Amino acid sequence: MTLETGVASRQPDSAGEEMYRLAERLFPIGRSLTGEGVRETLAILCERIPGLETVEVPSGTRAFDWIVPDEWNVREAYLIAPDGERVLDYAEHNLHLVGYSVPLDAQLSLDELQPHLMSRSDLPDAIPYVTSYYSPFWGFCLPHKQRIALAPGTYRAVVDTTLEPGSLTYGELVVSGRSQREVLVSTYICHPSMANNELSGIVVAARLAAWALAAPRRFTYRFVFVPETIGAIVYISRHLEHLRNTTIAGFQVTCVGDERATSFLPSRRGDTLADRCARHVLGHHAPDARYYSFLDRGSDERQWCSPGVDLPVVSIMRSKYGTYPEYHTSLDDMSFISANGLGGSAELYIRCLELLEANRTYVATTPCEPQLSKRGLYPTVNFHGAQKRDRTLTNFLAHCDGERDLIGIADHIGVDAAALPPLADALLQHNLIVPTDPE
437 MTLETGVASR QPDSAGEEMY RLAERLFPIG RSLTGEGVRE TLAILCERIP GLETVEVPSG
497 TRAFDWIVPD EWNVREAYLI APDGERVLDY AEHNLHLVGY SVPLDAQLSL DELQPHLMSR
557 SDLPDAIPYV TSYYSPFWGF CLPHKQRIAL APGTYRAVVD TTLEPGSLTY GELVVSGRSQ
617 REVLVSTYIC HPSMANNELS GIVVAARLAA WALAAPRRFT YRFVFVPETI GAIVYISRHL
677 EHLRNTTIAG FQVTCVGDER ATSFLPSRRG DTLADRCARH VLGHHAPDAR YYSFLDRGSD
737 ERQWCSPGVD LPVVSIMRSK YGTYPEYHTS LDDMSFISAN GLGGSAELYI RCLELLEANR
797 TYVATTPCEP QLSKRGLYPT VNFHGAQKRD RTLTNFLAHC DGERDLIGIA DHIGVDAAAL
857 PPLADALLQH NLIVPTDPE
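With positions in the sequence shown counted from 1, the corresponding number in my numbering is that position plus 436.
In short, the hints are calculated from the structure, not lab data.
In this text, all values refer to a predicted model and were calculated from it rather than measured experimentally.
Ideal Cβ positions, reconstructed from N, Cα and C, are used throughout, including at glycine.
What you were told as hints is all true, and nothing was included just to trick you.
Cβ pair distances, simulated, as ranges: (1) 681 with 540: 43 to 53 Å; (2) 558 with 491: 35 to 45 Å; (3) 650 with 584: 45 to 55 Å; (4) 726 with 847: 12 to 22 Å; (5) 498 with 540: 21 to 31 Å; (6) 681 with 872: 18 to 28 Å; (7) 705 with 770: 31 to 41 Å; (8) 525 with 726: 30 to 40 Å; (9) 527 with 483: 18 to 28 Å; (10) 587 with 650: 57 to 67 Å.
Input sequences plus hints: build the corresponding full structure.
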């Protein structure tokens, strides 16, 4: 669905606290590639994001080299010890069940059970996150110290799941701007209860959608909430030509909730508008950011930037996926993220979007320097040191040659690009520069 801009967004007292509360609400939901958990998550997002629509893609649908799998849902899953105690229960933590486990009700010895138990000896208190999406399997995940304490004997393993034709569900919002050129914002909605790896991306993307809806924008904004990998592939297969023709910049939003680090992952090409914009913002507002290469990719930038698609998509993260010990375990809980972490990440992204909105290429209208003082743009009294106050204006104007855009000029003269749009407006009002790129 396409919406016109100008829809009023709710302005919370604290954007970070608002995002954190939304993450708390979403945290208990059992999500996977498909199923009711994804639909429940999207239904909650639809309450928050006017115009967000859900799309169902039937199982068996081909998307390039992939096929949409059967839909998976969980009624219950548990493991009963020889003494009758229920030692593992999906109802207590949805990471206890291997994702996409096939149905089972069986009596097994501990030795027979062991190949179906997943734990991490390096994190003995953590429940690992394990999936088997495309190969039939069943299994339970548990802390390693609990696993080594299991007594010999006969266990009953119950996995009450359904795996049958259904659909894959994703969410989409397109916010129309003055231009048909688009900025893509993507996040994924397939992981169960993990806060930084999953929920932080969802709630920050929702915040960016509220920003896009809050006022008329120059560009059109496309927000997609998809199951990771297969969801992005399905979406691209349905929109590839349009995405290629319209996307000027894109952002894969993930792992944006903690306060330990700020990280950047470039596009495959590394020199796109999105790369330049993000690097500039981080250079001025997150100078300690850690920079990775596309060789370190691991989220849906793998699809957006792949050969044959090649969209200009980058990621600004906090602690990058795979780099923090809590990653893909139950330790990535609500205590790992914070309102400050979420709010700071959203602010960095909004700075990027605002910079994209303001970024233009200008050309000066007069040969030589125009007389700025008679227009009130430069001091009429010249004395030593006075020019320093206006150096940014004159440096900006000196580089309005129709070649460098605003970001390029800001990088070249060593200023935050956020300082240049007011100067450009002043010069435009006096017809001293004109934009050379389309609106």
